[in-house]
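Enquirer: As a plain string of letters, each chain reads:
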Amino acid sequence: MRRLPTLSLGDPLLRAWVYQALALGIVALTVWYLTANTLRNLELRGISTGFEFLWREAGLPIAETPIDYAPTDSYGRALLIGILNTLKVASLGIVLATLLGTMIGIAQLSRNWLLAKISALYVELLRDLPLLLQLLFWYTALQALPAARQAFNLLPGIFLSNRGLMLPALSIDNFQHLAVAIAAIVIVIAAAFFFRRSRFAKRQDGQRRRLWPSVLILAMLLPTAIFWRLGTPFQVDLPTLRGFNFRGGTLVSPEFFALLFGLVTYTAAFIAEIVRAGIIAVSKGQWEAGRALGLHNGLILRKIVMPQSLRLIIPPLTSQYLNLAKNSSLAVAIGYQDIVSIANTTLNQTGQAIEGIAIIMMVYLTISLSISLFMNWYNDHVALKGL
Amino acid sequence: MNQLTLRPGNLSAAIAPPERPTPQRWMRALNWLHLHLFSSWLSTATTLTLAYLLVRGLITVIDWGILLAVWSVPQGDSEACRAVQGLGACWAVIGEKYRFILFGTYPYAEQWRPTLSVALFIGLYALSGWRRMWRRELFLIWIVGLLAVIALMRGGMAGLSHVPTERWGGLPITLMLATVSLVAAFPLAIVVALGRRSDMPVIRWLCIAYVELIRGVPLISLLFVASVIFPLFLPEGIDFDKLVRAQIALILFAAAYLSEVIRGGLQSVGTGQYEAANALGLGYWRKMGLIVLPQALRRTIAPLVNTFIALFKDTSLVLIIGIFDLLSAAKTAIVEPAWQGFGVEVYLIVGAIYFAFCFAMSRYSRSLERHLKATEHA
Chain A
0 MRRLPTLSLG DPLLRAWVYQ ALALGIVALT VWYLTANTLR NLELRGISTG
50 FEFLWREAGL PIAETPIDYA PTDSYGRALL IGILNTLKVA SLGIVLATLL
100 GTMIGIAQLS RNWLLAKISA LYVELLRDLP LLLQLLFWYT ALQALPAARQ
150 AFNLLPGIFL SNRGLMLPAL SIDNFQHLAV AIAAIVIVIA AAFFFRRSRF
200 AKRQDGQRRR LWPSVLILAM LLPTAIFWRL GTPFQVDLPT LRGFNFRGGT
250 LVSPEFFALL FGLVTYTAAF IAEIVRAGII AVSKGQWEAG RALGLHNGLI
300 LRKIVMPQSL RLIIPPLTSQ YLNLAKNSSL AVAIGYQDIV SIANTTLNQT
350 GQAIEGIAII MMVYLTISLS ISLFMNWYND HVALKGL
Chain B
0 MNQLTLRPGN LSAAIAPPER PTPQRWMRAL NWLHLHLFSS WLSTATTLTL
50 AYLLVRGLIT VIDWGILLAV WSVPQGDSEA CRAVQGLGAC WAVIGEKYRF
100 ILFGTYPYAE QWRPTLSVAL FIGLYALSGW RRMWRRELFL IWIVGLLAVI
150 ALMRGGMAGL SHVPTERWGG LPITLMLATV SLVAAFPLAI VVALGRRSDM
200 PVIRWLCIAY VELIRGVPLI SLLFVASVIF PLFLPEGIDF DKLVRAQIAL
250 ILFAAAYLSE VIRGGLQSVG TGQYEAANAL GLGYWRKMGL IVLPQALRRT
300 IAPLVNTFIA LFKDTSLVLI IGIFDLLSAA KTAIVEPAWQ GFGVEVYLIV
350 GAIYFAFCFA MSRYSRSLER HLKATEHA
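Chains A and B, in that order, are what the protein sequence lines are. In terms of numbering that gives the first Met the number 0, the first sequence opens at residue 0 and continues consecutively. In terms of numbering that gives the first Met the number 0, the second sequence opens at residue 0 and continues consecutively.
Simulated from the structure, these hints should not be mistaken for lab results. Glycine included, each C-beta is placed from N, C-alpha and C at the ideal position. Any given hint could be a false lead.
In silico contact screen, one side only, chain A against chain B (beta carbon under 10 Å); selected entries [unchecked claim]:
| no. | residue |
| --- | --- |
| 1 | Trp16 |
| 2 | Thr37 |
| 3 | Arg39 |
| 4 | Ser318 |
| 5 | Lys325 |
| 6 | Leu329 |
| 7 | Thr349 |
| 8 | Ala352 |
Sample of chain B residues with no beta-carbon within 10 Å of chain A, all distances over it, derived [as the list claims (entries may be wrong)]:
| no. | residue |
| --- | --- |
| 9 | Leu67 |
| 10 | Asp198 |
| 11 | Ile207 |
| 12 | Phe232 |
| 13 | Leu289 |
| 14 | Tyr353 |
So that you can see chain B by itself, here it is in the shape it has in the complex (with noise of 0.2 Å):
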């Protein structure tokens, strides 16, 4: 306990209090337990209770995922996995579907190229966490990061093949949908919010009904837009592809809620600074990006990541319009007669990837939040 090492001859031995006799350890384990778990009689209900809850549902739980369940099965054969339907696990579904699940349709030869991509996001995520990197560059680093993704997973140079994106799927579509929206909106998102902010009404009243509209809509709808009206937009013989055009919509949504992320941030840098720049004869733009908005921006990380979070989850919503990101191929994966009925295992798994990568940023985010909070004033 004592981390001080006493010698003879040590001051601190010297004034040292007269050592008391340390409490027993069951002594404080059962205190422990009576203030935490045995502290009034209600308390003492619930904790039985819950504990017989949990016990219970951990002893199904351990049935029907561990002892009942069937981990493989003969190719394609699902004959063992009917058998325990209702009380076991059938894991096999994922031993027999992991690579469509993750991938979609890519051709199978060349599913090391997605695998790739997922890591390089992977590795861009991480980069990004890292506070050493917070400068400018890393922008043009997402945005050649980016590029890499796209010219890995559409080949047609280097000696890569073409893969149209119709065959793409699965996880990097989730991934992909969710950064490239990010990436895309960060900056319209400024532009909105230095609007809504704006001396002049005209400009204001505009980015104030983009902002409204699109949050008092459903993302359905607007995947609606994308995916129905957009192609009556456009003039004869032009047009996207499905994929580029769900892009957009997502883009644009989450351009509004970033923006009204921004503007909160704006929001908190006092009218002293603003007058200080307007005393050193700073014009709006200079203003803005020397003394405003690094302040701001600084300040929206925190939101900005869980903004992020529930991007990664909205995009899979994309399903609703048939693009094959992980959650449709998951849905997709248990379509096949043989493999019926078995979408509880199958939406377990998907859901720890979803959770995987949702719990570890906003972990990230909440030790940033103290972090910054702890340097503020500092």
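Just chain A, with the same shape it has in the complex (with noise of 0.2 Å):
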């Protein structure tokens, strides 16, 4: 039902759009008093506006590079590697998070008063302190380790040193590469053809099939053609020490090695407690009438308690995963080159402060709302259909 206003002081609905008005009225009033200051303290001091610095060559060196760059690039390729680099840790980061703290959570809660008591113990300790001063003090101790000629080795063929983490590589020749890669799509493709067969044939006659030997055997049988007809298509490249560094094998930088351990072990303990707090809130009556069934302790948990459960960590769960991606800009700290470190340097050589952080805000932006998006689908997904 709408109406207009009457005239008068005592009508509800002239006093909203009179409230409505002035807020944004001062909203305004505030955005261009302060454009209009900024413009001309950036004209007094010489400072030009716009984006072209992005295509004027940076000078800027980047230590790791997903893909290739030289210091002549320019400073729209550079930042464009600081939007990998962070995508890089974040997706990596909140894959190892949730792992790694859906078992603590689950260890928390464990029969077992030792490995429940140690959970716990880490979760307390890991959540009171400030993710900054953990990630400095990751830092410094792996800063602390011992040089490349007694580094520790931990299985056979990765190696701990003050130079980072050292990882046996895979070396793909070209031709064969092509030949793996179609082999790895025609197996994906198999199997989700399977996996819709299966879920038909389950709608006709309630039988579930089985569907991993199927897949099985296409992935075996596959690699195992291309081998027989061009040899081994990959070698494993395994770091060996010479002299004083190592030869072959991935490094993973001290920087990223540190930020990610950090950032994982960090978002671990806050996961850990959502993971707790949703397999509590499933009643008891759903353990005991799994044991009634007859099911072991896994299974239950598997089958009967994770996914009432998954319900109420989703929501915590995604603002954690936002938390992740935000905190990861702290790699400025430590030296790892993120979109926050380059954009700031670019700033600093360029002096365009305005664009840079719009930059590192667009980007954080756009980031945090693909993840909202994507978690609000897949919270959509497991919700309780029907009701």
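Take each chain as given, in its own frame, and dock them per the hints.
Expert: Pasting the structure below:
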């Protein structure tokens, strides 16, 4: 029911209009005032505005580049590498933190007293320390490790030293690369096809088809065929110590390693609490019913409890993912060149602070929005249907 | 065991069940061990593995932290520490640098002032934790307390020498940034939370835009705005102190997160309460101020403490824009060549300080949650 306000101050509708007009006016005035000041200040300091600098030569060295980059490339490309580095650490961090956090959350509820206590201690300790402190601590501790010559050999082919983490690398030669890629695509398509067919069959008679044998056979057969026709398609390149440094393998830099490690262990503590609370919230009767059916604990957790607790877990989990992505910006403190670090250097070199910070904000807003959208979609997916 | 002393003629003695032999102590202990550590093969394996790792870790820590550690060195001479580097801890760096870590570059002779400020802050926290103090006056006490701290730190009056903010540092800065942010953000957060639930679309959308924008970007970017862009916003000749600018950024940051906590509290107040207030003919502000907010805020106290813990930890980010808080002072303390390479020791001690504050608050928040839940329906 819409009506026009009467011209009396006692009319709530008129008051609402006045308030809103006032609010809008104040915001607009503030923005106008700040913009005018800023423009005048920029003019006085002789700083140009706009995004032309993106095409200028950066002259900015970057240690870790997922795509080709040279200091003679443009600022735009340098910033793109920053974005890719942020995405790399954030996506890897989200996956690892979820795994670790879920394990610790379940371990906290273990009937084994020692395991439960140690997990609880972990959560309590890591949650109550600032992340930045933890990152600086891990980075410092990593630098205090022995040099490459006395590196810790954690597992065959994996070395930890003050140069970072050495891992075995896969060297793949180009032509066979293609064959492997095609094989992988074929396997994925076939698996999807099998999955659809078994779901359709299940709808027909309620019987669950076993899916994994056929997928497994396919996954074994195709690589064997490629091996047989073309020889080994890739070689494992183990790092070996030569003189003062390693030869071969791939290096995970101390900066990336400390950042990822710190982010994952910190966020996992929060995720563990969320998982624990989610599992506790599922009523005891569900466990008892599961036991009455003769299922063992692992199966009850996987098939009965977890699907129910997921509904409670996902919304707070989403905000932890958002936190992790935003916290990856602390990379700047330990020298990993993410978007914040590169944009910061850019704005120091060009003086175009507003554009630089606007880019940082846009990147994170986009990342935050994408995570939110995806998790909301997933949440709808696991939510109770038809209620 | 039995709390009642049984006397002849005591009625309870007559109806007490025949005494069963209490199981032997060691039997009970054995039973506990079986149940909690060795109930199955998997459990036994887990216990043994963890126990092994724990013992090995403890031995390493004791060796490094106590047995092989260097506790003190002659003034400014880290020779003895260098000798055991990598094997034993160098706690001497703490003895040498603790004044700098705690108070930064605050004039040495005047460091009783930041000490007193820290004590004042802890007193304020303790006072607010006391449930009998939860009245409107508490907010007033906070304002007075904060003004007292600032006057004490700044000086320039009552015979205290003036100390410019560039020389403030260490723990008082951390406590001040966190506390002032919370106190100043609180009224703003209430307004934004109410605005987000308002019927007026323009106001609602402005509040949503504010909250989501701030929550969507990392705190660092806001601190960059404060340190780099904020000076551009002001007309020629007017400039704020860097500390004040960082403080404003933290307040705006805290208000966005707090307003979401308060909004949760507002949502938990039943519609019946709103309707009852309307039926009494109360206007919007009296309805909110007298009926809704008192109930909503009571429910937000526990999450409020959690927000404060997060804020307390987040203040450490000011390190990146070069403000001298506790963490920043710690990082600077080990820049001096003599003490380079002893970062682990310094970070452990600073971590212990942060932990002491956060752990106390999180324990408090948990007990509060239990207490409020218990009294909610009483």
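Enquirer: Against the earlier hints, flag every one the structure doesn't satisfy and list their numbers going up.
Expert: Hints 7, 10, 12 and 14 not satisfied by this model.
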